[in-house]
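The primary structure of each chain is shown beneath.
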Amino acid sequence: MTKQKSKSMIQRRLIPTYIFLGIVSFISVFPLYWMISAATNTSTDVSRGRLLPGTHFMENFKNLMSQQPLWRALGNSFLYAILTTVLCLLVCSIAGYGFEIYHDKWKDRLFSILLLAMMIPQVATMVPLFQMFSKAKLLNTAVGFMLPIISTPFMIMMFRQNARAFPVDIIEAARIDGLSEVQIFFRMFIPTMKSTYAAAAVITFMNAWNAYLWPKVIMSDNRAMTMPMLIANLITGYKTDYGMLMCGVLFCSIPTMIVFFVLQKQFAEGITGAVK
Amino acid sequence: MKKKMITALLASAMVLSLVACGGGGTDSNGGGDTSSSGSGTSSSSDSNKLTVWAWDQNFNIKAIETAAEQYKKDHPDFELEVVETSSDDCQTKLTTAANAGDYSTLPDIVLMQDNSYQKFLKSYPDAFTDLTDMGINWDDFGKLKQSYSMVDDKHYGVPFDNGAVIACYRTDILKEAGYTIDDLTDITWSEFAKIGKDVHDKTGKYLLTSEGTGGDTMMMMIQSCGANFVNENGDAYIVGNDIAEKCVDIYTELVQNDVVKLVNNWDEYVSTITNGEAAGVVNGNWITATIASTEDQKGQWAITTMPSVDGVDSATHYANNGGSSWYVTANCQNKDLAEDFLKSTFGSSTDFYDAILPQTGAIACYLPAGESDVYNEPNEFFNDQPIYSTIVEYSSHIPEFTKTPYHYEARECINTAVVNIVNGTAKADALQEAQDTLQFKMTE
Numbered sequence: 001m002t003k004q005k006s007k008s009m010i011q012r013r014l015i016p017t018y019i020f021l022g023i024v025s026f027i028s029v030f031p032l033y034w035m036i037s038a039a040t041n042t043s044t045d046v047s048r049g050r051l052l053p054g055t056h057f058m059e060n061f062k063n064l065m066s067q068q069p070l071w072r073a074l075g076n077s078f079l080y081a082i083l084t085t086v087l088c089l090l091v092c093s094i095a096g097y098g099f100e101i102y103h104d105k106w107k108d109r110l111f112s113i114l115l116l117a118m119m120i121p122q123v124a125t126m127v128p129l130f131q132m133f134s135k136a137k138l139l140n141t142a143v144g145f146m147l148p149i150i151s152t153p154f155m156i157m158m159f160r161q162n163a164r165a166f167p168v169d170i171i172e173a174a175r176i177d178g179l180s181e182v183q184i185f186f187r188m189f190i191p192t193m194k195s196t197y198a199a200a201a202v203i204t205f206m207n208a209w210n211a212y213l214w215p216k217v218i219m220s221d222n223r224a225m226t227m228p229m230l231i232a233n234l235i236t237g238y239k240t241d242y243g244m245l246m247c248g249v250l251f252c253s254i255p256t257m258i259v260f261f262v263l264q265k266q267f268a269e270g271i272t273g274a275v276k
Numbered sequence: 001m002k003k004k005m006i007t008a009l010l011a012s013a014m015v016l017s018l019v020a021c022g023g024g025g026t027d028s029n030g031g032g033d034t035s036s037s038g039s040g041t042s043s044s045s046d047s048n049k050l051t052v053w054a055w056d057q058n059f060n061i062k063a064i065e066t067a068a069e070q071y072k073k074d075h076p077d078f079e080l081e082v083v084e085t086s087s088d089d090c091q092t093k094l095t096t097a098a099n100a101g102d103y104s105t106l107p108d109i110v111l112m113q114d115n116s117y118q119k120f121l122k123s124y125p126d127a128f129t130d131l132t133d134m135g136i137n138w139d140d141f142g143k144l145k146q147s148y149s150m151v152d153d154k155h156y157g158v159p160f161d162n163g164a165v166i167a168c169y170r171t172d173i174l175k176e177a178g179y180t181i182d183d184l185t186d187i188t189w190s191e192f193a194k195i196g197k198d199v200h201d202k203t204g205k206y207l208l209t210s211e212g213t214g215g216d217t218m219m220m221m222i223q224s225c226g227a228n229f230v231n232e233n234g235d236a237y238i239v240g241n242d243i244a245e246k247c248v249d250i251y252t253e254l255v256q257n258d259v260v261k262l263v264n265n266w267d268e269y270v271s272t273i274t275n276g277e278a279a280g281v282v283n284g285n286w287i288t289a290t291i292a293s294t295e296d297q298k299g300q301w302a303i304t305t306m307p308s309v310d311g312v313d314s315a316t317h318y319a320n321n322g323g324s325s326w327y328v329t330a331n332c333q334n335k336d337l338a339e340d341f342l343k344s345t346f347g348s349s350t351d352f353y354d355a356i357l358p359q360t361g362a363i364a365c366y367l368p369a370g371e372s373d374v375y376n377e378p379n380e381f382f383n384d385q386p387i388y389s390t391i392v393e394y395s396s397h398i399p400e401f402t403k404t405p406y407h408y409e410a411r412e413c414i415n416t417a418v419v420n421i422v423n424g425t426a427k428a429d430a431l432q433e434a435q436d437t438l439q440f441k442m443t444e
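First to last, the sequence lines map onto chains H and P. Under our numbering, the first residue of the first sequence is numbered 1, with each subsequent residue one higher. Under our numbering, the first residue of the second sequence is numbered 1, with each subsequent residue one higher.
It is worth saying that the hints were derived from the structure and are not from the lab. From the three backbone atoms N, C-alpha and C, an ideal C-beta is built for every residue, glycine too. Do not take every clue at face value.
Claimed, not checked - Heads up, incomplete: computed chain H residues facing chain P, CB under 10 Å, no partners named:
(1) S8
(2) S43
(3) T44
(4) K62
(5) M65
(6) Q68
(7) I120
(8) Q122
(9) M126
(10) S134
(11) L234
(12) G237
(13) Y238
(14) Y242
(15) L250
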């Protein structure tokens, strides 16, 4: 009897928490719901504020397909985002590992300078970067797209911070067992730090997927169009077709959502710095 | 097991990256090839090809593609590649390329908004080509439209779409309040305010809708008087500018009396039209595309002239808002082809303008086009009015005014001043602040 009573009291005490959480999740999920429902309505209905799903999805989709190279843009975005993620993870984890495991006074100073680079906004470096890339004949190339983003101070810092939790004993044991430094990195470090890699992958993938300004500046070719460029093309006219626009936005958001949901657990672990 | 899977995943991702690197390599070569049509390394093989930056599939892009089709009839080898690039992106890319001193990424022809072009021509004069002697009879375009793409009596652009301002009203709502479209034709803003108040009292609708800080209403008002918020020296001219003060007075009164519905952004603006909250719209004629997309309001709209500013001698019922023109860049390797293409389509062909009108609704600035049958056809959506020829006629009456590279800055400053006045700031203070801010922005 008392047990039941205390249980119901706990439940009652939780009511405000649930109400609060309910409101917060509604606020977070509503834009997603609205995006999906708007993609199924006509432009006029969207602009009139209709919230219920409609029956115009196929029409919006057809309009989108007839106006924009959707599959090519999706393909390009996937190619660039995956390539960037893989290269960025490799480069930054090696750098972060190096800074932490082999650290000395000079490397620490170098690292501080690297962190200072985080403060410089991307816009400020755009013209000099453009000049460099134009001299190196990298304008309009996939390499030009990825090179500036495959190594970022933030990612190096993240790997360095997480490498701190990597037990030095293991490295010493491995050295005694005769593993080379490169082998230690690939065989010991990478498998142990997979949650950090997952978190870094999610962040890098999203950044690369959403990259807009730099790609737009150096790519002047229809065949290089990515999803964010496609979305931008949908809102520039004298007249906006909101249904079609939301249909495009839906296609642009799905891949990042999938990546996030797949790596969700590791992402949370990696961000909080847990090592297993 | 899990560890193995992750390792396998990473390994396969790396393999994929190697394969893709190869792919990326060839891709980049492909990119290099197409860019060379712009940079001219292969101009012998690609001499009949032009690349264009433009935005809006249903409007600008369709228009220039139609032009290319027409041009192909006489020049079968001609090729046109349109790279869809939004107006903002055109500007970013131009700025970056110009600052880096490398124009090789620019296309042959670029579309630019009239209100932003002056800034670019003044900042980067060597990015564009002088077109004065390309063989167009420039007087076939309205004087005001020409002046947007001119510096020191030289022509740099071929005018394209028309930005003549129209007033559109919902005749059904007017009728409910006891008015007709004739009661709103050739009136002044104070008469408009009176009718607007009445309409709002009787129907709850607003006779005008406008964006808060990004709205064009103030700019259209002052430019309809042949004036601007800058003086001939290019300095901010708000304080002590009689016409500017009159416009500010009129507009604040409209806002305070619920005649105009002030909204925060463009999407809300469109929404006031589609959901029937607005009984009237004053904007560039391209707004008809948005209005006409609300099919259940068919036959309920009519167009007429915009109201004029009271008590100003130079006041008219005509102004311009928006519109754009085509420019040939310094990177164009085949200038003769680009000029000939623009001349024989946008610059002289009424057939061309007749062809694009039904497809795009793009109304010409080319005055002879307004006389054709296609332009005089009644439009079902607008109560069978021949709106296209009417708009071309309006565009020939628009007064010239002093232009400024800081159009958008001026718009923001003056709109902020109005919002501040409505919220209780003293008029003199608000205008002084607008004057100072605008002058400061001009030094940036």
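*Answer holds if the nearest beta-carbon of chain P is closer than 10 Å to that of M65/H; otherwise answer violated.*
Not OK, violated: M65/H not within 10 Å of chain P, min 12 Å.
*asked:* Can you verify the interface hint for Y242/H: is its Cβ closer than 10 Å to any Cβ in chain P?
replied: Y242/H check passes; min Cβ-Cβ to chain P is 8 Å, inside 10 Å.
*Taking 10 Å as the limit, does the beta-carbon of K62/H come near enough to a beta-carbon in chain P?*
Violated. Min distance 14 Å.
*asked:* Does the closest beta carbon of chain P sit nearer than 10 Å to the beta carbon of S43/H?
replied: It holds, given that the least Cβ distance between S43/H and chain P is near 6 Å, below 10 Å.
*If you take the shortest Cβ to Cβ gap from I120/H to chain P, is it below 10 Å?*
Check failed: Cβ of I120/H comes no nearer than 17 Å to chain P, outside 10 Å.
*Is the interface hint for L250/H satisfied, with its Cβ closer than 10 Å to some Cβ of chain P?*
With Cβ-Cβ at 18 Å, over 10 Å, it is violated.
*Status of the S134/H interface restraint (C-beta, 10 Å, chain P)*: Holds, because the Cβ-Cβ distance from S134/H to chain P comes to roughly 4 Å (cut-off 10 Å).
*Does the CB of Y238/H sit less than 10 Å away from some CB of chain P?*
Holds, about 4 Å.
*asked:* G237/H was flagged as interface toward chain P. Is the shortest Cβ-Cβ separation under 10 Å?
replied: holds (4 Å)
*Would the hint on L234/H stand, with a C-beta cut-off of 10 Å toward chain P?*
Interface hint status for L234/H: holds (9 Å vs cutoff 10 Å).
_Checking hints one by one. Is S8/H an interface residue toward chain P, by the C-beta closer than 10 Å rule?_
Since the shortest Cβ distance to chain P is 40 Å, the answer is violated.
*Proposed interface contact between Q122/H and chain P, which counts if any beta carbon pair is under 10 Å*: violated (12 Å)
When the structure is compared with the earlier hints, violations turn up for hints 1, 4, 5, 7, 8 and 15 and for no others.
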